[in-house]
Amino acid sequence: MEKFTKHTGTGVPLRQSNVDTDQIIPAVYLKRITRTGFEDALFSAWRKDPSFILNQEPYNAGSVLVAGPDFGTGSSREHAVWALKDYGFKAVLSSRFADIFRGNSGKQGLLAAQVAQDDIELIWKELENAPGTQVTVDLESKTVVCGNIVAPFEIDDYTRWRLLEGLDDIGLTLQHEADITAYEATRPAFKPKTLPAKIS
Amino acid sequence: MGKTLAEKVWDAHVVRKGDGDGANAQPDLLYIDLHLVHEVTSPQAFEGLRLAGRKLRRPDLTIATEDHNTPTLDIDKPIADLTSRTQIQTLRNNCAEFGVRLHSLGDAEQGIVHVVGPQLGLTQPGMTVVCGDSHTSTHGAFGALAMGIGTSEVEHVMATQTLSLKPFKTMAINVEGTLRPGVTAKDIILAVIAKIGTGGGQGYVLEYRGSAIRALSMEARMTICNMSIEAGARAGMVAPDQATYDYMFGRPHAPEGAEWDAAVEYWNTLKTDDDASFDVQVDLDADALEPFVTWGTNPGQGVSLSQTVPSPEDFGDENAKAAAERALQYMGLEAGTPMKDIRVDTVFLGSCTNSRIEDLRAAADIIRGREKDPQVRMLVVPGSARVRLEAEAEGLDRVFKDFGAEWRFAGCSMCLGMNPDQLEPGERCASTSNRNFEGRQGKGGRTHLVSPVVAAATAVRGTLSSPSDLDPAPEPAAIRIDAA
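Chains as they are written, first to last, in this note's numbering: chain A, 1 to 200; chain B, 1 to 484.
Do not rely on the hints blindly, as some may be mistaken.
With a straight-line cut-off of 16 Å between C-alpha atoms, the simulated EDC-like cross-links for lysine to aspartate or glutamate are [unchecked claim]:
id: 1; chain 1: A; residue 1: Lys191; chain 2: B; residue 2: Glu256
id: 2; chain 1: B; residue 1: Lys166; chain 2: A; residue 2: Asp169
id: 3; chain 1: A; residue 1: Lys198; chain 2: B; residue 2: Glu256
id: 4; chain 1: A; residue 1: Lys193; chain 2: B; residue 2: Asp60
id: 5; chain 1: B; residue 1: Lys166; chain 2: A; residue 2: Asp156
id: 6; chain 1: A; residue 1: Lys193; chain 2: B; residue 2: Glu265
id: 7; chain 1: A; residue 1: Lys191; chain 2: B; residue 2: Glu265
id: 8; chain 1: A; residue 1: Lys193; chain 2: B; residue 2: Glu256
id: 9; chain 1: A; residue 1: Lys142; chain 2: A; residue 2: Asp157
Quick list of the computed label-pair ranges, beta carbon to beta carbon [claimed, not checked]:
id: 10; chain 1: A; residue 1: Gly171; chain 2: B; residue 2: Gly106; range: 38 to 44 Å
id: 11; chain 1: B; residue 1: Ala52; chain 2: A; residue 2: Leu195; range: 22 to 28 Å
id: 12; chain 1: B; residue 1: Asp279; chain 2: A; residue 2: Thr181; range: 31 to 37 Å
id: 13; chain 1: B; residue 1: Leu82; chain 2: A; residue 2: Thr36; range: 15 to 21 Å
id: 14; chain 1: A; residue 1: Gly88; chain 2: B; residue 2: Leu73; range: 36 to 42 Å
id: 15; chain 1: B; residue 1: Glu392; chain 2: A; residue 2: Lys142; range: 54 to 60 Å
id: 16; chain 1: A; residue 1: Leu195; chain 2: B; residue 2: Gly444; range: 24 to 30 Å
id: 17; chain 1: A; residue 1: Thr5; chain 2: B; residue 2: Arg54; range: 25 to 31 Å
Some residues of chain A that are not near chain B, with every Cβ distance over 12 Å (derived) [claimed, not checked]:
id: 18; residue: Thr36
id: 19; residue: Ser63
id: 20; residue: Ile100
id: 21; residue: Thr181
id: 22; residue: Glu184
Honestly, the hints are just simulated from the structure, not real lab data. Here the structure is a predicted model, which means the values were calculated and not measured. Each residue gets a CB set at the ideal place from its N, CA and C atoms; glycine is no exception.
Bound conformation, chain A alone (with noise of 0.2 Å):
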């Protein structure tokens, strides 16, 4: 995984609560056996509306998505956070993610930063008012900036020193590996199993 420390471009208010991952990315696209090349599958059914934000410029080449609360409800598929990377976004702000869309960002390098809503409702006002406004992103003090608008925002710890240093979870998990034999070993024998197979 790729180190994230700080990021600017383009803000994207997307004034919308509860942004499903249907939305963010439907269920037809979930059939490709790759872990890329879903950029057009991002927002696809909103992105036929002319309207829709990601239909404009500059916002087209937006890099910080601003979302409403309740972002990433719904289906743990991680293609949701794939899309989003693919696109182009390197972080998501939003008051409130599903606990699974956040745990998926914080796997593969989209930085999820919480931010409180009334500093979101700010930042939406100063993309709409001045579109193509720079946000940046900083993870090491925890921190947006938009226009003249510092906000403050919140990731666990845990996530974000992992962002920091970009390391990859099994790697750090199969260090204890042998503390996972030592728990198997104290496993009860009425645990089940898969294999061999009992069919009734």
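Dock chain B against the given chain A, drawing on the hints supplied.
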């Protein structure tokens, strides 16, 4: 101080406690007892293992089935959609390469992953269960800690049989009282989501408690836990009791003999201690519940079936108001319209929420001896091939076919329309599934989430209806057609 059920299961699976304390604590490393796999969220994870030269650590704690993409017609023919066919073939290749047990289309144990696990007796109390699917919360009905995960985590579990997780907060959902006739588990969970909102459960594990929950069957408890994710929760749980043990006893992978006794002894400890405390408590009065239905485009936008479509003005919060306006426009509804005046084109009985044998029986009991509204099409999609066989042995397939419904093969089907079962733009559906998101059941499709009995009554009348709205059936509805 005592512990909650969720905390007990958590503590029993800690491989390694995270360093540090409080807010700065690193996540715990948790052992995973069962990993369920399907074709959609696994190909990139298997590929990740291959690229890193890693092994699948515990094939014997892993099981796969095909569900999201599978057609529900002509299952003996090659899958027509080439990308679907490729994805399913990829799962077959991966399972063969990594030694994973797979129940393929055509196999008697194939079906929706969350129907298959419990049916085989692989889901048991006190386990940790994960799957690259948000509705993994279903398995919490057994007192398991069951969570949906993303593909990176799928790969992590494959490589390590663990997950790094920060402890969740706990929320008690207390449902006391007795459900009225025609009111079901689906109505309980839709009412819970309407009450706490789609984000209300974020960061929490929900424990469903109270006399109304205790009175529910295991399949009904699965319906409730299934939709915990729609309230934003990572998991939902019900403490195991005699109903749980009765359901599990004799299933293929349930413990036997002395192991059964040892297991039950342990399972009996899996309840929230009297002196434990939850971070949040929510109360719901079962006696006051009516059949519930959604009017909007998220599962929190629901009302009792006897109410009217709300007005955006009813919502104080600006975001909720804007969301309601947008939802009404998408759904083609006007505020003030009685929900029961809304005409539907399609009725879908299926999905991991409501496709088990009890769901099919409940719907069949409503339609038996009655006629379908001729303009409505009804799709009945059993949750698994096993459920389909069981239903056919009871003659339920004939009840559905005589009624004019389509009797299909098992899979996720029209819940998310990854296979050919989709709504047309503007088509309106009463659906027993779990998500009424824009386009979820097909581009431009309009979804109303309902229980199986409301779905059945709606198919009779053509408008959203509860069983109590139906005229008496011409023949006594209690007569079951037994297996021929």
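| query | Has the hinted range 54 to 60 Å been met by the Cβ atoms of B:Glu392 and A:Lys142? | reply | For A:Lys142 against B:Glu392, whose Cβ atoms are near 59 Å apart, the range 54 to 60 Å holds.
| Quick one: are A:Thr5 and B:Arg54 within 25 to 31 Å, going by C-beta? | holds (29 Å)
| request: Decide if the proposed pair is consistent with the structure: B:Lys166 and A:Asp169, CA atoms, cutoff 16 Å inclusive. | output: holds (14 Å)
| Satisfaction of hint between B:Glu256 and A:Lys193, Cα-Cα up to 16 Å | With a Cα-Cα distance of about 13 Å, the restraint between A:Lys193 and B:Glu256 holds, given a limit of 16 Å.
| message | For A:Lys198 and B:Glu256, compute the direct alpha-carbon distance and say whether it is at most 16 Å. | response | holds (12 Å)
| task | Sort out whether B:Glu256 lies within 16 Å of A:Lys191, counting only the CA atoms. | result | Between A:Lys191 and B:Glu256 the Cα gap is close to 11 Å, so the pair holds against 16 Å.
| request: Evaluate the given range 22 to 28 Å for the C-beta pair formed by B:Ala52 and A:Leu195. | output: holds (24 Å)
| Is the Cα-Cα distance between A:Lys193 and B:Glu265 16 Å or less? | Violated: A:Lys193 and B:Glu265 sit about 20 Å apart, past 16 Å.
| query | Closest CB-CB distance from A:Thr36 to chain B, is it above 12 Å? | reply | violated (9 Å)
| task | Would you mind confirming whether the straight-line C-alpha gap from B:Lys166 to A:Asp156 stays at or under 16 Å? | result | The hint holds at about 10 Å.
| request: May I ask you to test the hint 24 to 30 Å on the CB atoms belonging to A:Leu195 and B:Gly444? | output: With Cβ atoms ~44 Å apart, the hint is violated.
| field | Least C-beta distance between A:Ile100 and chain B, which was stated to exceed 12 Å | value | Answer for A:Ile100: violated, closest chain B Cβ roughly 6 Å.
Hints 6, 16, 18, 20, 21, 22, counting from the list given before, are not met by this structure.
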